[in-house]
Amino acid sequence: MTSAAVDKDAGRKSVSSAFARPVWKHGLYAAAAWLLAAIVTAAFPDVVPWGSRDVFVGLLLGGGAVLAGLAFSVEKLGGLGRGLIHYGPWLIALGLWFALWELITAKLGWMPKPFFSPPHGLLHVYIVDWQRILICIAYTARLWTIGFFSGIIIGFTGGVALGWSKTFAYWGMPVLRLIGPVPASAWIPATFFLFPTTFQASLFLVALASGIPVAILTASGVNSVNRAFYDVARTLGANNRYLVLRVAIPAALPHVFIGLFMGLYYSFAVLVVAEMLGAKYGLGWYLQFQTAYSAYANVYAMLIIMALLCSGLVKLLFVIRDRLLGWQKGVVQW
Amino acid sequence: MVATTLRAASANAAGLAIDFQTVSHQYDLDGQPLPVLRQIDLNVGPGEFIALLGPSGCGKSTLLRLAAGLERPTTGDVLEDGTSIASPDPSRVLVFQDPTLFPWRTVRDNVAIGPEARGVLAGSQKRIDDALRLVKLEAFASAFPHQLSGGMAQRAALARALVNDPHLLLLDEPLGRLDSLTRLTMQEEILSLWRHAGYTVILVTHDVEEALLLSQRVIILSERPARIKSEVVVDLPYPRRRDDPRIVAQRQTILEFLGFSA
Ligand SMILES: Nc1ncnc2c1ncn2[C@@H]1O[C@H](COP(=O)(O)OP(=O)(O)O)[C@@H](O)[C@H]1O
Ligand SMILES: [Mg+2]
Chain A
60 MTSAAVDKDA
70 GRKSVSSAFA
80 RPVWKHGLYA
90 AAAWLLAAIV
100 TAAFPDVVPW
110 GSRDVFVGLL
120 LGGGAVLAGL
130 AFSVEKLGGL
140 GRGLIHYGPW
150 LIALGLWFAL
160 WELITAKLGW
170 MPKPFFSPPH
180 GLLHVYIVDW
190 QRILICIAYT
200 ARLWTIGFFS
210 GIIIGFTGGV
220 ALGWSKTFAY
230 WGMPVLRLIG
240 PVPASAWIPA
250 TFFLFPTTFQ
260 ASLFLVALAS
270 GIPVAILTAS
280 GVNSVNRAFY
290 DVARTLGANN
300 RYLVLRVAIP
310 AALPHVFIGL
320 FMGLYYSFAV
330 LVVAEMLGAK
340 YGLGWYLQFQ
350 TAYSAYANVY
360 AMLIIMALLC
370 SGLVKLLFVI
380 RDRLLGWQKG
390 VVQW
Chain B
544 MVATTLRAAS
554 ANAAGLAIDF
564 QTVSHQYDLD
574 GQPLPVLRQI
584 DLNVGPGEFI
594 ALLGPSGCGK
604 STLLRLAAGL
614 ERPTTGDVLE
624 DGTSIASPDP
634 SRVLVFQDPT
644 LFPWRTVRDN
654 VAIGPEARGV
664 LAGSQKRIDD
674 ALRLVKLEAF
684 ASAFPHQLSG
694 GMAQRAALAR
704 ALVNDPHLLL
714 LDEPLGRLDS
724 LTRLTMQEEI
734 LSLWRHAGYT
744 VILVTHDVEE
754 ALLLSQRVII
764 LSERPARIKS
774 EVVVDLPYPR
784 RRDDPRIVAQ
794 RQTILEFLGF
804 SA
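Protein chains in written order, with the working numbering: chain A, 60 to 393; chain B, 544 to 805.
Everything labelled a hint here was simulated from the structure, so no lab data went into it.
These numbers were taken from a predicted model, which means no experiment stands behind them.
Among the clues, some could well be false.
Said to hold, decoys possible - Derived pair list, reagent style DSBU-like, types lysine-lysine, alpha-carbon separation capped at 35 angstroms: (1) LYS772(B) - LYS388(A); (2) LYS679(B) - LYS669(B); (3) LYS388(A) - LYS172(A); (4) LYS339(A) - LYS374(A); (5) LYS388(A) - LYS225(A); (6) LYS388(A) - LYS669(B).
Said to hold, decoys possible - Some chain A residues close to chain B (C-beta under 8 angstroms, calculated; not the full set): (7) LEU237; (8) PRO240; (9) PRO242; (10) ALA287; (11) PHE288; (12) VAL291; (13) ARG293; (14) GLY296; (15) TYR301; (16) TRP386.
From the three backbone atoms N, C-alpha and C, an ideal C-beta is built for every residue, glycine too.
Let the hints inform the model, and build the full structure from the sequences given.
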């Protein structure tokens, strides 16, 4: 962050003295790198044709032109512009990486078809197979959304009950401690047998994977609430409902979020495995299906989509946590 | 003065009479009984201001917890206006030794806990602002507790208690963390609030002078298990001056009771 800011300032100063106008140097280099990638892709023939080469060249040229234009106007874009400036070196590296990637796959054939794919091979997958990919995303989204949210709602409610009520804790905690550490994927054979449909079995697995860490951490969070908070609230006239909703839960929220992050990661893991085993559509199914046909370009294309989806959800959870737990800044280091 | 505006809403707040009837109390410490209070007999009249002095760990906070209704005495009984205290009630508010502000709430939302818990938040906005002004925290209303100094946190805790219009105010070394100037101001404020609002105050303090400047009666407790060792009536008009020879003399008496013969 700091070093990038320093680079940027240094770059701006030297250039502005030459042109008497601020120019984003990294933007120019990036434009050149993207142009280089376009030339490499267009000028040499593919060892084995991949398709969609011209579209990729067009995108690279278009991207390069935009970057070149931005080099002179990025200062006017405010926050977006600052983000671009920060990632300037990445944009250069991306262009260089495309050029190198084209060379060693499509152009020289060092990394051969079908096991490897040049970038325009992946683009070709999106262009040709986008409908099926969208259907798969929709299927997975349905499974994940229902499974994850029912899991965390049940896990959170159960966790509050376990942390609050001695009776619940007496009966529930031993069970949770016994079942909790078992990886959700270990349930796969049993659930596919126990549930009438694979969808229901997969739902159960995703809910289990996300619910258990949330339940355990919520319970321990509610348990470790400073007793003095309850005393304060009680002397001020709070009833039990207030103690749970306005004292125990907010105080336990930092723990709950740790559980949510764990549940999120576990849910991705079990989701893909469950889809590989019995689903008709979905991201996991797609990976499995395309591997069987040695369509590795499709597999890579899907992996990129999964990376974006999963990291997007993680990022979203971070944003929500920062919103809700802003008060923790200064209390805890993170 | 702000104290007057806060009082205006509580014009008929009267003090409670508190009666400790041969109260003994013990805690359970790793399975061993730990006797903390022994045969405490203490009558606090309605509107009276008393101070408790005693060595640290003798059971002063415990006495306040019993009056607040957070604990039930092991034997004996604590009565408010003649009826046994069974549970906490916002008419008897305890300001704890630690400020124990809720870290996830702003200062203002902390002060609002009482009205919110009793379901009268909407009608209490002005009182909350008055309470914040009284403890001079109006500029920090939207700050979080971790952004406050120890003294500011203690003042916020005081505002959180006063906003409830208590009939009995239990103060557990509430000024212990304040710097000496703020301390003087807060002593004056507590005094003027008490004289206007007329609630009963039990103040635990480790400062003999503070006890003498504020209270009408100083109760001196023994080492744990605490019993009442002695009692000093401070029959002097307010405002009192710390260099008043009668205060100086009584300070000497109390220090001797506490085992310091200077
Ligand atoms: N909940 C508790 N369980 C066990 N022991 C306690 C508890 N609360 C206080 N004590 C003990 O009781 C004694 C008196 O405590 P306290 O009333 O806080 O004293 P003081 O306020 O006079 O310093 C201390 O020795 C303390 O360790
Ligand atoms: Mg104490």
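Structure-based check of all given hints:
At roughly 47 angstroms between alpha-carbon atoms, LYS772(B) and LYS388(A) are farther apart than 35 angstroms, so this suggested pair is violated. For a cut-off of 35 angstroms, the pair hint linking LYS679(B) to LYS669(B) stands: about 15 angstroms separates their Cα positions. Between LYS388(A) and LYS172(A), the direct Cα distance comes to roughly 51 angstroms. Violation of the 35 angstroms bound is thereby established for this hinted pair. Between LYS339(A) and LYS374(A) the CA atoms are separated by roughly 29 angstroms; this keeps the pair inside 35 angstroms, and the hint holds.
Using a Cα cut-off of 35 angstroms, the hinted pair LYS388(A) and LYS225(A) holds, with the two alpha carbons roughly 32 angstroms apart. Simply put, LYS388(A) and LYS669(B) have alpha-carbon atoms about 30 angstroms apart, close enough for the 35 angstroms limit, and the pair holds. Against a cut-off of 8 angstroms between C-beta atoms, the interface hint on LEU237(A) is violated, since the closest Cβ of chain B lies about 29 angstroms away. Because the beta carbon of PRO240(A) sits about 31 angstroms from the nearest beta carbon in chain B, more than 8 angstroms, this interface hint is broken.
Evaluation of the PRO242(A) hint against chain B yields a violated restraint, the C-beta minimum of about 34 angstroms exceeding 8 angstroms. Against a cut-off of 8 angstroms between C-beta atoms, the interface hint on ALA287(A) holds, since the closest Cβ of chain B lies about 5 angstroms away. At a threshold of 8 angstroms, the smallest CB-CB gap from PHE288(A) to chain B is about 6 angstroms, leaving the interface hint in force. With a cut of 8 angstroms, the hint placing VAL291(A) at the interface with chain B holds, because the nearest CB-to-CB distance is about 5 angstroms.
Hint on ARG293(A) holds. Least Cβ distance to chain B is approximately 4 angstroms, under the 8 angstroms limit. At about 4 angstroms, the closest approach between the beta carbon of GLY296(A) and any beta carbon in chain B falls short of 8 angstroms, and the interface hint on this residue holds. Given the 8 angstroms rule on beta carbons, the hint for TYR301(A) holds: about 5 angstroms separates it from the nearest Cβ of chain B. Given the 8 angstroms rule on beta carbons, the hint for TRP386(A) holds: about 5 angstroms separates it from the nearest Cβ of chain B.
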